[in-house]
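J.: The residues making up each chain are set out below.
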Amino acid sequence: MSEHGPTVLIIDDEPTLRRLLTAGFEHAKFLVRQAETAAEGLESAVLDLPDLIILDLGLPDQDGADVLDQIRSWSNVPVIVLSVRSNEHEKVYLFKRGADDYVVKPFGMSELLARSEAALRRYFKSATQSSVVQAGPISIDLATRRVSNGEVRIQLTRKEYKLLQVLATHAGNVVTHEHLQKEIWREASDKHAQYLRMLVRRVRSKIEQEPTRPDILVTESGVGYRLQTARPVSSTPRRHRSRTAVMERS
Amino acid sequence: MTAVFEQAMKERALDYRAAISMLWRANAFPISFSIALVIFVTICLMFVHEYVRLHLIPLVYIVPVIIAATRWGIVPALAAAITSAAVSDFFFIPPLYSLWIYDPQEAVDLALFLVVATVTSNLAGRLRREVDISHQRENEKGQLYAFSRRLAGCFTTSELYPAIEEFLSEKIGHPVVLIETGSELEGNLRVHSPRRLPQQVVDEAAAMMASNDFRTRTVIEPASKEVWLIRPLSADTIDYGMIAANLNHDVGAGKDLEQHINTILTEVTTTFERLNMARTISEAKLRTQGDLFREVLIGTVSHELRTPLASILASADILGQAPEIRNNDKLSSLVQATHDEAERLNGEIQKLLDATRTTASGVRPKLDWVDPTDIVNSAIDQRRSRLASHDVDVEISRDLPLIHVDTALIEQALGQLLENSAKYSFKGTTIRVSARAEDRRVVLSVRDSGVGFHPSAKSPHPSLPRARGRVKGGGWFCRQPQRGATAGAGLGLWIANAFVVANGGTLDITSEGQGRGTTASIYLPVASDVVAEAGEGVDE
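Taken in sequence, the protein lines are chains A and B. Going from the first sequence to my numbering is simple: count from 1 and add 213. Going from the second sequence to my numbering is simple: count from 1 and add 3.
Bound conformation, chain A alone (with noise of 0.2 Å):
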C-alpha cells in the first residue's frame, strides 16, 4: 500500500465508467479494485479493507444506499456517492446514512479527485483526533473553546460556538440542518430553520474575510453546511477572472 498510495474500491456496474475511474485513480497513484454488483462491492470491501470506497447508487442487484448501510454497520471508511440526480432529498437522506461525500454525474474526473483525497484526508486526520480544527486561517480549539482568526481571538456568543463546534467536530463533511438545529437549540422546527439561517449568518460575519462570499462556513445547498478545511479543487479551466472572493476561491 505504501508503494501504491491509498486503495479505492469502486462499486459501479457500468464497464466503461469502471474503466474510466480505474484508468483516473491509478493515474493519480491509488490501488484500485473493482466491483460489478452490491454483493461484489460488500466482499471486496471486508477481504480487501479499501481506504476509500466509490459507490453507485444505481447497483443490478441492490440498492446502492443499502450497500451503504452494511458498510457503515461495521466500517467508518469514507463513502464517495455517485448519482445521476442531484436532489436535495436524496442527498440529505444518504449523509445521514453517512456518505462522506456525494458527486452527481457527469462530474470531473479531477473534481472526484479532489474530493477523494479530501475524504481521505479527513478520514486520516480524525484518526490522529487533534482538537484543533483549522479552516483557512480560523483555528478553532475544541478542548479550551478558543477561536481565533491567526493571533487574534473572536469573541463569539454561546450559540454560535455551539455551531463552530458541531461543525468542527465533522469538519470538511456536510452537517445537515436538522441535525445543526438539535445540536443547538435541541429541536428542530420552521422557526429554529430560521434562527439557524441567522446564526449562520453572524457567525461568517465574525470569521469570514467577505462574509457575502464566504469561503470557511459555505453553504452546501438545500441539505446544510461544511466547515472548509482543504481548498476545493475543481477540473472547469479557469480562465476566469473576478473581482470577488468567492469567484477567486472556485
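No wet-lab data here; the hints were simulated from the structure. Treat the hints with caution; some may be incorrect.
[Stated by the list, open to error] Distance ranges between label pairs, derived from CB positions: (1) 149/B - 371/A: 35 to 45 Å; (2) 278/A - 142/B: 42 to 52 Å; (3) 400/A - 531/B: 15 to 25 Å.
Predicted, not measured: the structure shown is a model, and the values here were computed from it. Cβ atoms here follow ideal geometry from the backbone N, Cα and C, with glycine treated the same way.
With chain A held as given, fit chain B onto it using these hints.
T.: The following block gives chain B in isolation, referenced to the frame of chain A:
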C-alpha cells in the same frame, strides 16, 4: 281485523311510551332546572310577600317560563308554566296551601296566565329552534368550507383520500377508511389511509366488488372483536369508492347505527356532487399516474443519458492531463471542446428534465428558509464554466431578509439568467449580479452589457414573461447570441419563469434597446411569518 287493530294500538301505545321516555331522557335536566327556577322565584316571592301585599303574582312567573323557553325549548317551558300555576295557587291564592280557589276572578287570572305562558313559551321556543338551526347551518357551512379548501390543496389521490376520510370520520363519529376502487385498478383495491384495515375487511370488500352486490355488510374481526361496516360511499355510484367504518364493539347499536350512517352518507354524497367530487377524484387519479410516469421518465433519462456522459467527461479529463496532449495545443483544444460540449449537453438534459417537472398544473416547490446570499453564490458556482470568459461582479446587500422558497428551483432560475447573459454578451464584458431588498421583496438581478433586444420583437412562447416598464411586448428571443455561442430554443427561460412563479415570485426582463444590454430580475416575496431579526434564539 280486531286483532290487527289491537296490535297496531299496542304498537302505538308502545310508541307513545317510548316517545315520552325519549322526551324525558332528552329533557330531564332542563325540566328539573326549570322547576328549580320556579321554586326559587316562589321563595323570593314568599319573602317579599311577608312585608308587602302583592297583586298579579302569576305575572312574575312569566320570567322563569321565558328563561326556560329561550334556554331549553318548549317542553321545559311548559313544565315551568304548569308548575308556576300550581305553586302560585298553592302558596298565594286563598285558600292557602290548597289547590282550591275561592275567588272566581283569581281563577280567571290563573287561567289567563297559563294561556299567556303557553303562547309565550311556544314563540320563544320556536325562536330558539331557529337560532339553533342557523347555528348548525353556520357550523356545517364552516366545516364544508374547510373541507373544500383542503380539497383544493389536494393534488393526487394519496392526498385526496385521507382528506375525504377525515371528513367522513368527523361526520359519522367513527373512524372510517376509504377504499379506492376503479377500472384502472382491475378489480384490485387500494387504501391510502394511515389507519390499519384488517385483512377480513379487505377480503370482504374485494368479495363485494367481485360479486357486484353493493349492499351494506358487517364484518367482525376475530382477534379484536371489532365490528366493521362496509358499503359503497354512495348508493348510486361506485366512483367514490367504498368505506369501511370501525364501529368498535358497538354490535348492539347495529341497525340504528347503520341507519344513521346511511342518512349521513346520503347527505355526504349530495355534498360531493355539489363539490363535483367524482371529477376531482378522477383528475387526482390522472395526476397520480402522470406523476408516476414522470418519475419513471426522469429516472430513466437521467440514468441512460448521464452515465455515458459521465464517461465522456471523465475521459476528456484524463486525456487532457496526459503530457502528450497537454503539450500539443491542437489536440488539447480538441479535448477541451469535447469537454465543453459534453457539459453543454448535460445542461440541455437538465433543462429537459426540469421541463418535465413543469407540468400543466405547475411546479410543486419544496419550501425551506434560505439566505438569498447563498442562492446567489451557489448559482454562480454552478455556472462557473459558462461564466469563464466574463467578469462577474457581485453586489449583495447586507441584512437581506430570509426567504421561504424552494432553493434548488430559484438557484436553477438564477443560473439560467446568468447563462443567458453570458450567451448574449461579448466575451470579457462584465455581468453584474445583485441581491437587494425592496418593499417586502427580495430582488435578484443579472445585468449584462450585451446585445439587448428590440421592443417590437415577439416571443415564440405565449407563456413567457412579458417585459415590463421601458420595453413593452417582451422580445427576449430576438437576441442574437455572440459568435461561437449557440442559440437555444428558449426552453431555459420558460423553465426559469415557471420556477420563479411556482415560488410566488415574478420574473422581469427589461432592455434599453438593441445593443444596450439586458437586465433580468427575479422578485421574491418575503414571507409574512419571518421571525424577528436576531431573535432570542440567536442572541445567547
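J.: A separate judgement is required for each hint: does it hold in the structure or not?
T.: Evaluation of the provided hints:
no., hint, verdict
1, 149/B - 371/A: 35 to 45 Å, "holds, 43 Å"
2, 278/A - 142/B: 42 to 52 Å, "holds, 48 Å"
3, 400/A - 531/B: 15 to 25 Å, "holds, 23 Å"
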